[in-house]
Amino acid sequence: MGRGEIILDVRNLRTHFRVGSDDLSILRGVSFTARQGETLAIVGESGCGKSVTVHSVMRLLPKNGRLTGGQILFHDNGRTFELHKLEPFGKEMRSIRGRKIGMIFQDPMASLNPVYKVGDQVAENLLQHFKLTKHEAQRRIVEMFASLGIPEPERRILDYPHQFSGGMKQRVMIAIAMICNPDLLIADEPTTALDVTIQAQIMELMGKLKKEQNKAVILITHNMGLVAETADEVAVMYMGRIVERGLVERIFHNPSHPYTRALLRSVPVLDHGKTERLETIRGATPSPAECVTGCEFANRCDFMTPKCRSGIISAYEIENGHLVRCVLFEGAKELPNE
Amino acid sequence: MAQQKIKKSSLALRSWKKLVRNKLAMLGVIVSTLMIFASIFANFITPYDPSKIDFTNMAKPPSWEHLMGTDKMGRDVFSQVLYGGRVSIYVSVVGAVLGSIIGMILGGLAGWFGGKIDLILVRTSEVFLTFPNMMLVLILVAFVGQGINNLIFIFFITGWMTPFRMVRNEFLSLREETYVEVCKAFGISNLSIIFRHILPNTTSPIMVATTINIANYILQEAALSFLGLGVPVTVPTWGNIMNAAKSIEVIRNYWWLWLFPGLVISVFVLAANFAGDGLRDVLDPRQ
Amino acid sequence: MLYYFIRKLLAIIPMLLLISLIVFVAIQFSPIDPINYLASPDMTANSPNLQALRQLLGLNDPIYIRYIRWLGNVLHGDFGYSIVDGSSISKLIAMKLPATFEISLAALIISTIFGIGIGILSAIKQNTIIDYLGRIIGVIGISIPQFFFGIILIQFFSIKLGWLPVGGRIELGYRTWWDHVPNMILPSLALGVSMTAALLRYARNSMLDVMTKDYIKTARSKGIPEWKVYIKHAFRNALGPTLVILAFRLPILIGGSVMIEAVFSWPGIGAIILQGVSSSDYPVIMMTTMMIATAMLIASFLVDLIMALLDPRIRFDR
Amino acid sequence: MKKNRIVLAAAILFVVAGTAFTAENALYLFIPTTGATMTTKLDHPWVNRGDLWKVLMFRSLFLPDPTLTTVSSDLASSYRISSDGLTYTITMKKGPTWHDGTPVTADDVIFSVQTALKAAQVNAIYTGVFSHIIGAADYISGKTSSLSGLTANGDVVTMKLDTKVGNAINVLGQFAIMPKHLLKDVNPLEFQNASFWTHPVGNGMYKLQEFNPGNYAVFVPYEKYDGPKPKIPKIILTAMTDPISAAQAGKLDLYNTNATDQISELKKIKGFTSYPVDITFYRYFVINIKDENGVPNKAMADVRIRKALMYAIDFKALAEGLYPGLARQIYTGVPTSFSAYDKDAEQYNYNPERAKQLLKEANFDFSKTLRLRFYYGDQTSINFMTAVAQYLAQVGIKTDVQKFQGDATTELYKVKDYDIALKGLSAFGFEEWYGEYASDNSNFINIMGKDGYFDLKVNELRATTDPTKRAQILLDLQRLEQKYLYKLPIYTMQNIFFVNTAKVKTTGVFGNPWFNWDYKFADWELK
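Those protein sequences? They're chains A, B, C and D, same order as listed. For what it's worth, my numbering labels the leading residue of the first sequence as 45, then goes sequentially. For what it's worth, my numbering labels the leading residue of the second sequence as 121, then goes sequentially. For what it's worth, my numbering labels the leading residue of the third sequence as 104, then goes sequentially. For what it's worth, my numbering labels the leading residue of the fourth sequence as 1155, then goes sequentially.
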């Protein structure tokens, strides 16, 4: 089936954080693309840099973080914006944030400003980018609330965040993100703070948006179950690098990178045999300051060879669109060094 | 037990490292300790007896023999400042510590038992807080009279409310914690739960509050002595030395009589406040 | 909701009575006898009639009778007469209140603008020069004793430069209100600086606290300009705790600062308090204390009101 | 560029505002703003009589000379004393009128004396004389509605006393007469706080033109004054924080003080001349010896201990150090410069060895700490007391020095929690100083007991006017004084008048600033 248009093309993205006196390299050359009508899932243990990736793309890094390399290209029907060159809070970047790229965050309970009405917080995004009368704006918000399944939208837009449940709040967050009908929706662990039933409703909503309005979605999660159900493409991250990327069936049926395989084995899957024990991965994720050369997963990898320790590990395309960054696959077609 | 030991010290170690990194706080700690020691060992530092009257060199500007000059009675200002430090610091530290202790105990009782006790204690703290501080102090001075111990009494009577509030709030939130239920389940007595389990958690805000109180009480002792209501006049304290500066004539001509004591008070209070702030940042988990 | 506030307002009355009782009893233990204060010790004025005056003023009656009589008078609007000065306290206060009010108001305005202004600025520009400068000013402001700062101001501006008068409020030849503005400058500055310092630290801390919240990230994700993020989202939430501190400063409009008024010989309420306490002139002490206590209680009532108005969570919960 | 223009403008504004004051053609007097002075009303003259504006606003029956030894006529034209010295016949002048035009009459005199007897706040020199008027006791207790011994017919006032009072005329020279028609409804007990004092009406050379409570009062010549017309058009009394900056700013022309720091400053100001005045303003130690029923305070009961104190403290050095040129050491109630001074009185020069020896003789308990107290707030007094404490320490006496918490009168005579207390006395005559030894003094009996050794001589002094007789009585009193040493005399404090002679021409003759005397103000003029 034909793949959607590439909306976001991230190449060799590098980000550094200043913590106290030392300067840690968090993202070490991350590349991926987001396509219209498709969901790209970025998975990995917490602290592997998935959140930092999307924050770097949106140029929302905190004061002590900064982009140190790579390109972020955003294609908006014919025009290409080089996001990595824009002033983070400048006029041009702000015209994209919220208008062209919507974002949902992890903890809905804290993501809404407690002192403003819910409707006003959604309207703020809309009126920032479009010249609309108050009445027209209100109509669109009510319509958005209805489509998101929030009951009695006309009344609820006048309520305050503390009068909403967790699930409802996340729906408001989605409303905020989608009100300007952006092309790309980035969801940073949208359902982690919610219980399972609400989780399913939210994911189903996002799937509907993607399908009906041909949106591109980037889903940040560590829940492999979610990835299997909703993602079209998967990127597995470890220590600031994408170690394996590919279509979701390929990744699940032919996990190639030792870390991906270990990751899948340590996750309970429905048809898992009763007797099989879940596996854990040896050791713990090293601190970014320690590992400088070679593969960061080396000393936790069962297939570790001397080559893993030194030099640059390049990415190999073992099958169409299925990349793995591991010396085991040296034979395969090597992609240009990122 | 050894394992537990290492963990504890590393916590203190880590806090100490954080404190060291905060340059201002370190400066505060060093300066205040230096001044405290200078006051304690005053008799080694300055040859002069602070109350020795010497009409031959009255009101001399600063010179090599008298680093901070001499006052109208020929007494060496530098030694007055050092010996004065003893009383001022003693009164403030003891007042603040006692105030915090009372605050912790009452806070613990009010927070733990709640109900009637809590209501009464909160009401009294409100009554004390409603009084304008200076007014309360003035009336207490009239009530109790002047004197070092009276001043300490006044300080901790007007200072227990903040620690009381802090500890009470801490207790209200910790009381519902599961580990408190566990202690109860094990049949540990209320008192030991209060003093061994909950109170240690409140030490960090209390330490901060105490440091800030010490700084405030130094100022208050100086203010009271300036109004002539502080420690008895013949006892050298930083406030009493400044008392001479009430007359415009002294302000005009004998600048060293008020500049040096004023600077010393400001530097010590500044140091105490920096140390207090530093302590708050170090012990505050969020930072 | 309204019921809650009425109840809170009514709770002020018993609290005031309690405070008046405590102060009334405390004063009786003072070693100072206001009647003797009338007779200057250097004059051999040991007139037997002083005791008759004590009797006339009813000072020999037992405490509770005097308290009830005092309370009765006050409730009828008669604030009584100063024992030492003989003047009616309501007139005394009416004369002195404007003096205290004007410098306290000026100080409040100075401290609010600079306190909150610098506080927000140093929170936004954290760990830059502005932040360090703001923090240093903050700590120095609360560390320097008020009277020492006052003396420095007098020495520099009045004596060295001679621009401003040494102290006092109204001097001869002053016709309009504007004439005594130069006299106001130094006291308001001295009072204002120490208040600015405390407010600055609060504004900065509550701003920093708010800026770590997630809804700031949400606001930024909408692409709205930075200043809007700071003012509309951050400051709006930091406003609550800052206003609480401000509300507790209002009583200084009534009570004035005893220290500043002593250093600058400013004829305000603070001066009466000091004079009243040193001569144990109980009617004066009672009225000034009750005035300030009422202001404090109203201030704490205002705090609840502010918190409710500013924070919807509280408004609807009660 | 823009920024410093603003700063410049602000500076100019300040300078202009600072000098908005234009010096009016007037004589400027000064009241310190500390304490309750002038907050709501002007001070009445029945305690402190000496302020210039009170002297010029209120007249007494007679007008003393600056040395307070002779009197000339004022409201009264003449007086006659009967041979037994008990009956005074005083003839009032016709001319004098109150500032509201009503004439000053004998009734005003009767009213004033009766009110003074019942007033709460009045100087004891007045009650000292008026309490001897026949029928005074009944009048005070309320038995009679008027004073039987004081009658007036037409413009002649007759005053009958129950005993001879030497300084009666001099005291009448101080006693300010009050307007009966304006004060008759005021309860004498509340005389000092009457609303009359917010706009007082006097009978003197000047009248009150404007009073701004807490800030200033303006006096102008009284057009219908029956004496010589003054040349100074206006007198302005201002409440200010500091006399020195006021003098520098040209807002002060006449000021008197005995504060050393003010004196050294005022002497530096150009155009000001100082006129020192010797007055009986005593500084002395009162000792808590025994209470009214004779129970002694062991630490101080033995006279040798009190003598030791006099030797142990170097009062001469303290005088030169703390009160240069102001304090004159005294050894008895009579200053050494007076003729009546007892030449062979014991002059206690600083002699710590003698002090230690006396203390040993009196087996003084050195373990006990002596309580030293004082009630003055100025820094020089604090320094004085700390110095005294140090001298006593050198002879082994431990001391605890504190300012009285309460008011002086309560602490000195009722609470009595002290051994030695520094006291001051601004005496009109020797009657006040020696009156403190008499057993009729309700305050001092509490600390000296009621032995009455002095009563005979004190009453004699009170009764005689003749200078030679008084000198002999004073000699006896001084001997008694040294024998019992109930009080430790230290200094008399000179007072210094400062006049802005560059602007004001005065007679150059000044008297005791606490009392009424003839300034010859009509000869004063502004240059």
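None of these hints come from the bench; they were simulated from the model. Where hints are given, some of them may not hold.
[Said to hold, decoys possible] Mimicking SDA-like on lysine to any residue, the simulated pairs with C-alpha atoms at most 25 angstroms apart in a straight line are:
id, chain 1, residue 1, chain 2, residue 2
1, A, K135, A, M153
2, D, K1510, D, R1525
3, C, K316, A, S90
4, B, K180, D, K1422
5, A, K178, A, N108
6, B, K180, D, R1525
7, D, K1570, C, K316
8, A, K107, C, Q158
9, D, K1470, B, E296
10, B, K172, B, G194
11, C, K335, A, S90
12, B, K143, C, I212
13, C, K335, C, L356
[What the hints assert, rightly or not] Restraint-style ranges between C-beta atoms, simulated for each label pair:
id, chain 1, residue 1, chain 2, residue 2, range
14, B, F273, D, K1338, 48 to 58 angstroms
15, C, L120, D, R1525, 54 to 64 angstroms
16, D, A1516, C, D164, 43 to 53 angstroms
17, C, A114, B, I237, 34 to 44 angstroms
18, C, L264, B, I237, 25 to 35 angstroms
19, C, I125, D, T1352, 26 to 36 angstroms
A virtual CB, placed ideally from N, CA and C, is assigned to each residue, including glycine.
Here's how the hints hold up against the structure:
1. A:K135 <-> A:M153: Violated. A:K135 to A:M153 sits at ~29 angstroms, over the 25 angstroms cutoff.
2. D:K1510 <-> D:R1525: holds, 19 angstroms
3. C:K316 <-> A:S90: holds, 20 angstroms
4. B:K180 <-> D:K1422: OK: B:K180 and D:K1422 at ~19 angstroms, within 25 angstroms.
5. A:K178 <-> A:N108: Given that 25 angstroms is the threshold and the Cα spacing comes to 38 angstroms, the pair is violated.
6. B:K180 <-> D:R1525: At roughly 31 angstroms apart (the allowed maximum being 25 angstroms), D:R1525 and B:K180 break the hint.
7. D:K1570 <-> C:K316: Distance ~66 angstroms between D:K1570 and C:K316 Cα, so the pair is violated.
8. A:K107 <-> C:Q158: violated, 75 angstroms
9. D:K1470 <-> B:E296: Not satisfied, since the Cα-Cα distance of roughly 75 angstroms exceeds 25 angstroms.
10. B:K172 <-> B:G194: Roughly 8 angstroms between the alpha carbons, so the hint for B:K172 and B:G194 holds.
11. C:K335 <-> A:S90: violated, 32 angstroms
12. B:K143 <-> C:I212: It is violated: about 33 angstroms lies between the C-alpha atoms, which goes past 25 angstroms.
13. C:K335 <-> C:L356: violated, 30 angstroms
14. B:F273 <-> D:K1338: 48 to 58 angstroms: With a Cβ separation near 52 angstroms, B:F273 and D:K1338 satisfy 48 to 58 angstroms, so the hint holds.
15. C:L120 <-> D:R1525: 54 to 64 angstroms: For D:R1525 against C:L120, whose Cβ atoms are near 40 angstroms apart, the range 54 to 64 angstroms is violated.
16. D:A1516 <-> C:D164: 43 to 53 angstroms: 47 angstroms Cβ-Cβ, so the 43 to 53 angstroms window holds.
17. C:A114 <-> B:I237: 34 to 44 angstroms: Since the Cβ atoms of C:A114 and B:I237 sit about 20 angstroms apart, the hinted range of 34 to 44 angstroms is violated.
18. C:L264 <-> B:I237: 25 to 35 angstroms: violated, 59 angstroms
19. C:I125 <-> D:T1352: 26 to 36 angstroms: 35 angstroms Cβ-Cβ, so the 26 to 36 angstroms window holds.
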